[in-house]
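Residue numbers for the sequence shown follow numbering that gives the first Met the number 0, so the first one is 0 and each next one is one higher.
Hints are computed from structural coordinates only; laboratory data are not their basis.
All values reported here derive from a predicted model rather than from experimental measurement.
Careful: at least some of the hints might be erroneous.
[Unchecked claim] Below are the BS3-like pairs computed for lysine-lysine, each with C-alpha atoms no more than 27 Å apart in a straight line:
no., residue 1, residue 2
1, K119, K107
2, K422, K444
3, K192, K161
4, K476, K450
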Amino acid sequence: MQLDIERLIAYFGGVNALAEALKQQHPEDAASAAAIYKWRTRGSLPLNQLQRLSALAEAQGRPLDLNAFLQQQPTLEQTTMSNPNNRVIIFDTTLRDGEQSPGAAMTKEEKIRVARQLEKLGVDVIEAGFAAASPGDFEAVNEIAKTITKATVCSLARANEKDVRAAGEAVSPAPKKRIHTFIATSPLHMEYKLKMKPQQVIDAAVKAVKIAKEYTDDVEFSAEDAVRSDLDFLARIFTEVIEAGATTINIPDTVGYSIPSVWYERISEIIRSVPNGDKVVWSTHCHNDLGLAVGNSLAAIQAGVRQVECTINGLGERAGNASLEEIVMALKVRHDVFGLETGIDTTQIVPASKLVSTVTGYPIQPNKAIVGANAFAHESGIHQDGVLKHRETYEIMSAESVGWSANRLTLGKLSGRNAFKTKLAELGIELGSEEALNAAFARFKELADKKREIFDEDLHALVSDEMVSLSQQEHFKFISQHITTETGEEPRAEVVFSMHGEEKHAQATGSGPVDAIFKAIESVVQSGAQLQLYSVNAVTAGTESQGETSVRLLRDGRVVNGQGADTDILVATAKAYLSALSKFEGAERVKAQGTI
C-alpha cells in the first residue's frame with residue numbers, strides 16, 4: 000500500500016495552491032512548488048511534510064483521513080496490462096549497437112557481466128548482439144539467453160533466412176526472447192546498397208518476419224534509414240510486416256539527421272498512416288550525430304511510440320546513441336509533462352554506467368548528464384549557498400536517486416574468502432568459476448596490503464581487471480617493472496612480462512615514464528600498433544586510490560581498448576597496454592554488426 004500523492008495534492012487544490020497554503024502556515028521553511036512536484040514524481044513525501052499537511056487540513060477545518068488516500072501498489076505487469084499506453088519499454092542495445100564504438104568490442108564474459116547489470120537495472124529488452132555476425136557473437140548471445148531470466152533477450156538479424164534462423168537458435172534458451180529483423184527502406188539504400196526494387200524489399204521483410212515467428216511470437220521489424228524513406232512506402236511495408244506477425248515496429252533515425260519537432264511530426268504521420276498500427280508497439284532508435292538523440296526520442300514518445308532503443312552512457316558508433324539514463328530520468332523528473340512510467344530501478348543507473356565505462360574503456364565525461372562526476376557538483380558560490388540551505392534550489396533530482404553515494408568502506412586485510420565472495424554478491428558481481436574467484440581474492444589480498452581502506456569502487460575495478468586477464472587467456476601478462484626517473488635525465492623502464500607463456504625482459508628510455516613503458520614493451524613485441532588514447536582515472540578519492548588506466552591501440556584498421564588497475568598508475572599503465580595487445584593476439588573476438 001502507498002499514498003496516492005496525486006490525489007493528496009489535488010485535495011489541497013493542486014500544487015500552487017498547496018505551496019501557497021504551506022507558505023502561509025510556515026513562512027520560513029515551507030515546501031516550494033518545485034518540492035511538491037518532486038513529491039509527485041517520486042510518489043512519496045517526507046514524514047515531517049505529511050505531518051504539516053495533516054496540520055494544514057486541521058487548520059482548514061477538514062481533518063485529513065490518510066486511509067482515503069492509500070492505494071494498492073500495482074506490479075509492473077499489472078501496470079502494463081491495465082494501461083499499456085502509460086508504459087515506455089526500455090530496449091537497451093549497449094551490447095550490440097553500443098559495442099560498435101571503435102575499440103569497445105567485449106569478450107563473452109564481459110557481455111554476460113553487463114547483461115546481468117542491465118537486468119538488475121530493470122531494462123525490458125536486452126539486445127545481446129548479432130548472432131549471425133560470427134560464431135563468437137552467436138555464442139555470446141546464446142550464453143546471455145541462458146543467463147537472463149527476467150528481461151527479454153533479443154538478437155538482431157538482417158532480413159534474410161540465414162540471419163533470422165541464427166538469431167532464433169541463439170535466443171532459444173531465453174524464457175523471454177525476441178528476434179529483431181531489419182532492412183533498409185530509403186531510395187538511396189535500396190538502389191545503391193541493396194540493389195533491390197521496393198517490392199523486393201517488402202517481400203524480403205515479410206518473409207523474414209514469418210520465419211522469425213517460427214521461433215518466437217515477439218518479433219520486431221526496423222526500417223533502416225527511415226528518416227530518409229518515403230512515407231507512403233514506409234506505410235506499405237509496415238502494414239505488410241504487421242500482417243505477417245510483427246509485434247513491434249521500430250522507426251530509426253539511422254544517421255542522426257532529424258530534429259525533435261520534425262521527428263514528432265514524422266512519427267505521428269507514420270502511425271496515422273498504418274491502418275493496423277494499433278496492433279503493435281511503436282518504437283524509435285535515434286543516433287546522436289547532431290546531439291539530438293535524446294530530444295528526438297522524447298519527441299517520438301510524445302508522438303505515440305512506447306519503446307525507445309538506447310544505450311548506457313549513449314555509447315555507439317560515430318557520435319553514439321540515445322542515452323538510456325537521460326531518457327529515463329527525463330521521463331521520471333518531468334512526469335508532469337510525459338505522465339509515463341518505466342520499469343527502471345534508477346538507483347542502478349550509476350553502477351551500470353561505471354561498469355560499461357570500465358569494460359569498454361570509454362571514460363565518462365565529467366559534465367555528462369546524470370552520470371558525469373560533475374553532474375551534482377556546484378562550483379558557484381551562489382549555487383553552493385542555495386544547495387546548502389535547500390537542495391532543491393539547484394537540484395531537480397537527488398544524486399542518490401540515480402545511484403550516486405558516498406564511497407562505502409567494505410573490507411580489510413583480515414577479511415576472508417567467504418566475506419569477499421559475499422560482498423561481491425551484494426554488489427551484483429558474479430564470477431563464473433572458482434578459478435576466477437580465487438584469482439580475484441588473491442588480487443584483493445594484494446590490494447589490502449597496499450591500501451588501508453578498500454571501497455566498493457575498488458572491488459569493481461579489481462574484478463574488472465582480473466576478468467580482463469582471465470578472458471584473454473593471458474597472451475600477455477604483466478609480471479613486474481622498475482622505473483627510474485631523475486630530473487634532467489630520460490626516464491628508463493625495465494618491464495618483465497610473459498608473452499605466450501614465455502617470460503620476457505624489456506627495457507627502454509622515453510620522454511616520460513609512460514612513453515618508456517610503452518617503448519620497452521614494443522621493443523620485444525613489435526606489434527606495430529599506434530597509440531590512439533591513454534587515460535587515467537582515480538577509482539576513489541585519496542592519495543592511496545587505485546588508478547584505472549585505459550589504452551586504445553590501432554593496427555591494420557582494427558581498434559582495441561585495454562584496461563589495467565593498480566595503486567601504482569605506472570603498473571596499471573603496463574597492464575593496460577598488455578591487455579590491449581592480448582586483444583589483438585586473442586582468438587576471434589565477439590564483434591557486433593548491423594546498423595539501424
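- Message: Next pair to validate is K192 with K161; report whether the Cα-Cα distance is within 27 Å.
- Response: Distance of about 19 Å is within 27 Å: holds.
- Query: Holds or violated: K476 with K450, Cα cutoff 27 Å?
  - Reply: Roughly 23 Å separates the two Cα atoms, so the pair holds.
- Item | 27 Å limit on alpha-carbon distance, applied to hinted pair K119 and K107 | holds (19 Å)
- Query: Does K444 lie within 27 Å of K422 when you go C-alpha to C-alpha?
  - Reply: holds (14 Å)
When each numbered hint is compared with the structure, no violation occurs for any of them.
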